[in-house]
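Chains A and B, in that order, are what the protein sequence lines are.
Each residue of the first sequence is one higher than the one before, starting from 60 at the first, in this note's numbering.
Each residue of the second sequence is one higher than the one before, starting from 4 at the first, in this note's numbering.
Keep in mind that the hints were calculated from the coordinates and are not lab data.
Do not rely on the hints blindly, as some may be mistaken.
In silico lysine to any residue, SDA-like type, Cα no more than 20 angstroms apart, as pairs [to be verified]: (1) K433/A to K6/B; (2) K169/A to G210/A; (3) K433/A to K165/B; (4) K617/B to E426/A; (5) K79/B to T535/A; (6) K229/B to P470/A; (7) K110/A to N539/A; (8) K79/B to Y533/A; (9) K165/B to L502/A; (10) K165/B to E507/A; (11) K433/A to D166/B; (12) K433/A to K33/B; (13) K33/B to V116/B; (14) K320/B to A587/B; (15) K6/B to S71/B; (16) K433/A to K79/B; (17) K643/B to N539/A; (18) K508/A to K6/B; (19) K165/B to E501/A; (20) K229/B to A534/B; (21) K165/B to P470/A; (22) K480/B to R394/B; (23) K79/B to E550/A; (24) K433/A to N170/B; (25) K165/B to A443/A; (26) K433/A to Y118/B; (27) K396/B to P481/B; (28) K6/B to M52/B.
One-sided and incomplete, this derived list gives chain A residues near chain B with beta-carbon spacing under 7 angstroms [claimed, not checked]: (29) S232; (30) F469; (31) I483; (32) Q495.
Backbone N, C-alpha and C fix where the C-beta goes; we use that ideal spot for every residue, glycine too.
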Amino acid sequence: MENHLLSIVTFLPIFGAVVIALVPREKLNWIRWGAAGITGLQLILAIWILKVFNFSTPDVQLVEHYAWIPDFNIEYFMGLDGLSAPMVLLTALLSFLAVFTSWNIEKAQKGYFALFLLLDAGMMGVFVSLDFFLFYIFWEVMLLPMYFLIGIWGGPQREYAAIKFFLYTLFGSVLLLLGMLALYFIAEPHTFNMLILAEQSSQFGKGMLLGMNAGKVIFMLLFVGFAIKVPIFPFHTWLPLAHVEAPTAISVILAGVLLKMGTYGFLRISFPILKEAAIWFALPLAILGLINVIYGAMAALAQRDLKKMVAYSSVSHMGFVLLGMAALTPAGMSGAVFQMFNHGTISAMLFMLVGVLYDRAHHRDIEGFGGIAKVVPIYAGVTALAFFAGLGLPGFSGFISEALCFIGAFPVFTWITILATLGIVLNAAYFLWAYQRIFMGELNSKYEKLEEINNRELFALIPLAVITFFLGVYPTPMLNLISSSLNQLVEVVKSAGMVAGL
Amino acid sequence: MIKLALFILFLPLLSFVLQIFFGRRFEEKKGEWVSVGIQFSTLIMSLVMLVMMLSRSDPDFSLELHQSWLDLGLFKIDLGIYIDNITVIMLNVVAIISALVHLYSTAYMAGDVRYSRYFGFLGIFTFSMNGIVLANSLFMIYIFWELVGLSSYLLIGHWWEKDSAANAGKKAFITNRIGDIGMFTGMLIIATVLGTFNFQLIGERIHDGMWAANAGMLFGGIEPHKLLTIAGVLVFMGAVGKSAQFPLHVWLPDAMEGPTPVSALIHAATMVAAGVYLTVRIFPFLTADAMATIAFIGGFTAIYAATIAITQNDIKKVLAYSTVSQLGYMIMALGTGAYVAGFFHLVTHAMFKGALFLASGSVIHAMHHSLHKLKDHETDPQDMRNMGGLRSKMPITFGVFMVTTAAISGIPLFSGFLSKDAILAGTWAYAANVHDGWLAHLHLAWILPVFGFGAAAITAFYMFRLIFMTFYGEAKKPQIFKHIKESPKAMTVPLVVLAVMSLFIVFTLPSVNPISDHGWFTTVVQAPESAVTTGAAFDLENFEHGLHAAHVPAMVTSIIVAGLGILLAVLVYLLGKISADNLAAKLGALYRGSYNKWYMDEFYINGIIRPFLKGCEALGRFDLDFYDHYLINGWGRNVKRTSKGVGLADDLIVDGAVNFSGIVFQWLGWTLKFIQTGKIQNYLIFVLIGATLLFVVNVF
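Bound conformation, chain A alone (with noise of 0.2 angstroms):
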């Protein structure tokens, strides 16, 4: 069983997707309990896969490698290394926490957790790929599912937000599948398989394509595709409408996971395949990071909308990912990982939140509370250790992969490094502005009999305050598993020349 493993965690939830479609729409406790039930084994599979990875290699391990489909050299190819495994984790906790926070889905149940199982596996499927076309393809599975969450369970403004959303994606898909194809047939044999493709890395910076740099031309298609997913400006405006609008364990599952498959994107494909465009594209990467942590957190101060305003945070918290990730150096490359692990716990924390308030009050203007505390204290202390943990207060994980990257950025990025550090009071400043207007002051008196947050979502909300906290505190574990693939993945990018710094 533990050679398949990876292929076991991916299948999983396809597996329940369809035992759930087959059972009775009545039974509402069986697809809730089936839904939990499969991602709560997917989970402790993640939990296993960790324990049978070696830490101390920078190897993929836990490889799954077959023909499939020989014609066209197509594998079915699947591997975990110190990349990949927090955000397999990642991605099992925050699918298991979700069906919790979707208990209270008031429509067509049956479909939604269906269809919620089936975007867990396109997930799960990104990450263990090691295979660009299975990547591919688990990467469009993850679209549909996302459209029809946003679009039949979200919000009033669901189906424009739907839209848009599918459209954003699909445009970045379209680009992301002809840079694919570009490799394949640029490669010599032709092939899909990511560490040939990195193998043969100098070939894509040697040859030519439409009249220019092969390797520019692809990394920028790929680009594309994934800026939009991470989102970066300018490609982020799908950002904050999908995530008001789709219901809340949605919202958790986009700012948790799929943000991360476009930082994803650039270090598992772009970086090591395309070295020499990687150095060449690193300052404008570093830039467009700064914006995003500049831009995001000062649209996150002007909003009135509390989910608009975490939502945001997103753009802003992972412009700190981009910045570590273009230094190119040890501490900014884990560091930009474990941002991206960071924020999908806390971010995930924060829609939760939000959700719990909009489930009580119907809506979500920062401006309609006030003194709250008063009635909801557990809840108000549970999201001010959200909240600090998402302005990076020390003793949480945001802290340090924030620290990390700034500390891995500055000797590259000198400048743009110090402006960035602005971030970090525009964060404290629309968090603590935002906490005050809703819990402090005098109570609002609409909300005397406001009903306190209850054990379901304590239960959802628990774990992942634990994990920001213990990270916090104790961060060797998770770094260990990320550094040794990083710091090799450094090295490697690094071979192809200097950063052009600022």
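Following the hints, put chain B in place on chain A, whose structure we already have.
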């Protein structure tokens, strides 16, 4: 020793955890005494460390514990504990004030809505503060730096139902973070050049020339000495925020919204002194230029805040600006190289300012109870204009106030005299020693002693103004005065202890000379050697000589200026020889400026915060309305429009062509069907014609 330090560090954290998770259940059963007990046990442990230090009497003593924390293979960060005499003294300051504040709070905060939570927050504050004190690296200091910021936020906003309290907490946190990004950037420079955050290693590596060798890799080959100056000033930015130095001082007066014991512990004695402590820690690698910058910031803050304190009527606001001013003193001292004096003033100030705040709390407590009895919710219990004559009703509080006011005003026999005098002598020696560089022009360095002595005079004036307005004269509100009572023992005992700690002898033993700071303190605390090798370092040896020469003149001058300040206060507020109102009217704009804190808050709000928030809103609108709705959706609209066009073209041209060809073939078929007669004769004729045609074509 290390074990003791770890207990001192972590026990208060235990107090936090207990109070947060179980505190509510034990509120009726005196659960707060667990925290008080924990705090007093750390006090005992700190005292043990103090005794050990005194018996060793070694100024160079140090101990370090390393713990690997974060290891990426190619990059790592260690955490650890560093103990030297400074650490031990600082631990004692924190432990004494914290323990007494805990005790005091059992009475002051009795019956509060969030009583157990309050003690929990005091616990996490003490934990974080001890973390700063024990940290062996900039990174670790930064971690606890932010955590004291958190506890300060939580405690300032303890009564968050009041908007003013909620605002003050937020303001404190954000203002501090502005200083922190400077500090963090400075840390990044140091770590990049030297590859470490550890204080000892930083010193060693600079000394060994690593800075000079590596600094060029940043900012396109910057000169190493310049970069060291920049790094030093940037790290010091953290102190500007935390120690409320100009221009980031604005949060501290607002922080008085917190409960008064909190003001005593955090915003007078310990946390705000953390900036000074940080400057002490980075002292060995400050360049002469960085120190000059620091000295001027501190000196300006000292006199600037003092001018505001004169006109405030809120008893806590007076003390708050006084704190800002005194912190400026300490910072100025360190900048001028008076290392021992700066740290000495930190310690003496912690005692007397802690006492002053707790004593003002005692007054406010009494006022509050009296107002409560009168069911008066309008009158401000903190406004000195509602007090007067309290001396007879609150003798202990009054006595403590007198002793500690004497200390802060720099009157001989009290601790403040010694430390303040040392600082003033330091500025004097510094100014006398500057012979070259930009400071020598126009004798700029003499501004520092002028600031120093000026602030000393003003301090004496406003402190005695406070005493006279509060405790002397007629009771301004006899109704309230009637119900004023001395505070309970839990409050007066800490007051008396701290008043005793404000006597000079506490710091000079075994020597008993009231005008010399020579004693145990100056034996164990000595200025470290500078590690700066890249260029001009501060000339400590020359400075120490100057210090000796300046000692007596500075002392005489300081006694004179303090005397003048007190005399003026006596004339105005005790004897009424000079009318305060007339004075205010005559000074006009100056008075209004001082009363309105020189309009700094207005400047920040209208000049920076509002425009910035407007900018954010504009950006938010740009993002949604213009960028997303117009441009991005414009793409969609254009595609739709184009598609419509294509659809039309498709209908007309492509489909038209298809239909046309259909029509053509239909017509052809229709025409041709007439020759399909089905008669064999007709077909034979066609064959014949065809064959003839073929024949003709072939032959010709």
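Okay, the hints, checked on the actual structure:
no., hint, in the structure
1, K433/A to K6/B, "violated (41 angstroms)"
2, K169/A to G210/A, "holds (16 angstroms)"
3, K433/A to K165/B, "holds (12 angstroms)"
4, K617/B to E426/A, "holds (17 angstroms)"
5, K79/B to T535/A, "holds (11 angstroms)"
6, K229/B to P470/A, "holds (17 angstroms)"
7, K110/A to N539/A, "holds (13 angstroms)"
8, K79/B to Y533/A, "holds (13 angstroms)"
9, K165/B to L502/A, "holds (10 angstroms)"
10, K165/B to E507/A, "holds (17 angstroms)"
11, K433/A to D166/B, "holds (14 angstroms)"
12, K433/A to K33/B, "violated (23 angstroms)"
13, K33/B to V116/B, "holds (15 angstroms)"
14, K320/B to A587/B, "holds (19 angstroms)"
15, K6/B to S71/B, "holds (18 angstroms)"
16, K433/A to K79/B, "violated (44 angstroms)"
17, K643/B to N539/A, "violated (51 angstroms)"
18, K508/A to K6/B, "violated (50 angstroms)"
19, K165/B to E501/A, "holds (7 angstroms)"
20, K229/B to A534/B, "holds (15 angstroms)"
21, K165/B to P470/A, "violated (45 angstroms)"
22, K480/B to R394/B, "holds (14 angstroms)"
23, K79/B to E550/A, "holds (17 angstroms)"
24, K433/A to N170/B, "holds (17 angstroms)"
25, K165/B to A443/A, "holds (18 angstroms)"
26, K433/A to Y118/B, "holds (14 angstroms)"
27, K396/B to P481/B, "holds (12 angstroms)"
28, K6/B to M52/B, "holds (11 angstroms)"
29, S232, "violated (16 angstroms)"
30, F469, "holds (4 angstroms)"
31, I483, "holds (5 angstroms)"
32, Q495, "holds (5 angstroms)"
Checked against the numbered hints above, the structure violates hints 1, 12, 16, 17, 18, 21, 29; every other hint is satisfied.
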